[in-house]
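Enquirer: I would like the entire structure built from these sequences, with the hints used as guidance.
Number of protein chains: 2
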Amino acid sequence: MKKKRIRIDGEQSRAKILTAAVRLATIDGIERLSLARIAAETGMSKSGVFGLFGSKEGLQLATVEAAREIFIAEVITPALERKGGRDQLLALCEGFLDYIARRQWPEGCFFASVAAEIGAGDGPLRDRVAEGQKEWVGLLAHNADRAIDNEEFHADSDPDQIALELSTMLTGIDIAYLLHRDGELLERVRRIVRARLG
Amino acid sequence: MKKKRIRIDGEQSRAKILTAAVRLATIDGIERLSLARIAAETGMSKSGVFGLFGSKEGLQLATVEAAREIFIAEVITPALERKGGRDQLLALCEGFLDYIARRQWPEGCFFASVAAEIGAGDGPLRDRVAEGQKEWVGLLAHNADRAIDNEEFHADSDPDQIALELSTMLTGIDIAYLLHRDGELLERVRRIVRARLG
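Just so you know, the sequences run in chain order A and B. For the first sequence, counting from 1, position 76 maps to 76 in the numbering used here; every step adds exactly one. Start counting at 1 in the second sequence, then tack on 1000, and there's your number in the numbering used here.
Honestly, the hints are just simulated from the structure, not real lab data. Being a predicted model, the structure only gives us computed values, none of them experimental. By construction, the Cβ of each residue, glycine as well, lies at the ideal position given by its N, Cα and C atoms. Where hints are given, some of them may not hold.
To be verified - Which chain A residues stay away from chain B? Per the calculated CB distances, all over 10 Å, these:
#1 Glu-11
#2 Gln-12
#3 Ser-13
#4 Phe-50
#5 Gly-54
#6 Gly-85
#7 Gly-108
#8 Ile-148
Claimed, not checked - Residues from chain B that face chain A, not an exhaustive set, calculated with beta carbons under 10 Å:
#9 Leu-1024
#10 Ile-1027
#11 Ala-1130
#12 Leu-1164
#13 Ser-1167
#14 Ile-1173
Unchecked claim - Stretches of chain A that chain B covers, calculated by requiring three or more beta carbons in the stretch to come under 8 Å of a beta carbon on chain B:
#15 15–24
#16 61–73
#17 89–99
Expert: Right, here's the structure in full:
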């Protein structure tokens, strides 16, 4: 019984730390995320944080995974309820716009922010962020492909081209919205996306 | 004679410092730009740097202006040689893509990077970056408007919508290219822009 209790507490601490870490990384940058900083932020001991993540890089990689899980829960899972193809593609794009409009993360999208920060560097952290971005664009392309199969898009459409167009526009609007805080910008992009997807 | 010499040296030091500052701000973030850091980087005395910029904020604001001048020289001025309207709009977008392809700044576009970093904050620095971004989108919209006057675009096109679509896509590709370092991505966006502008 005791062991189980400790494990549950460990999981709860881990979740609490990672929620704080995702926020801190988006605001201050993932490179400034350290075991000491997160210990101070969450009121845990530095050795406790060390026990959970082992190193600064371990903490950073776990933070990217946590951000990925939030993004899946907030944007991807709801869209997966829609039929694959045009509908799901639209739901993914609109889900992303709703997500930044909610400003649950006032500092915008974790991935855009961290990519801008560490994109020029090297190492497993950068690779993981690049991989996550690729998965997202891949999901958009997969749906564009299905939309062609469903005859919702022209047969000569290029799914990768559509996915790139949509994904870059969404990253761009995340940053523009961060700067201008004008909800009308999000509505404009929503109209562009709808027009683009017919 | 002596006074003039000192002034020229001051201007040269200022230019040298600001080039280093633009690069440092893009790599490490503009918030980490300090008088001490830039003094160490350029081999100048901290009091010399203080004499030129007065404060950390003075240095940061001068850095944004220097980045703006580089962007104008590299992207905007060459495009202004083209006829206002569709041609100039295309030249601005392609100029931006060429600019990030040259990787003169391997860490990507200063403005995208700094916007992602400080967009959620407040203050004159953020306001200046937001203003710079607005000028860029305004120049795109102005050309979309002229393209309508020239009958190069449909009369019912929305210039602001076109400018938003192009500007967000360019910011997004800057970040995607930073992560994936794949020149084919830039060529794909070039094709999307050309198709979009007819």
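Enquirer: Does the structure break any of the earlier hints, and which numbers would those be?
Expert: 7, 9, 15, 16 and 17
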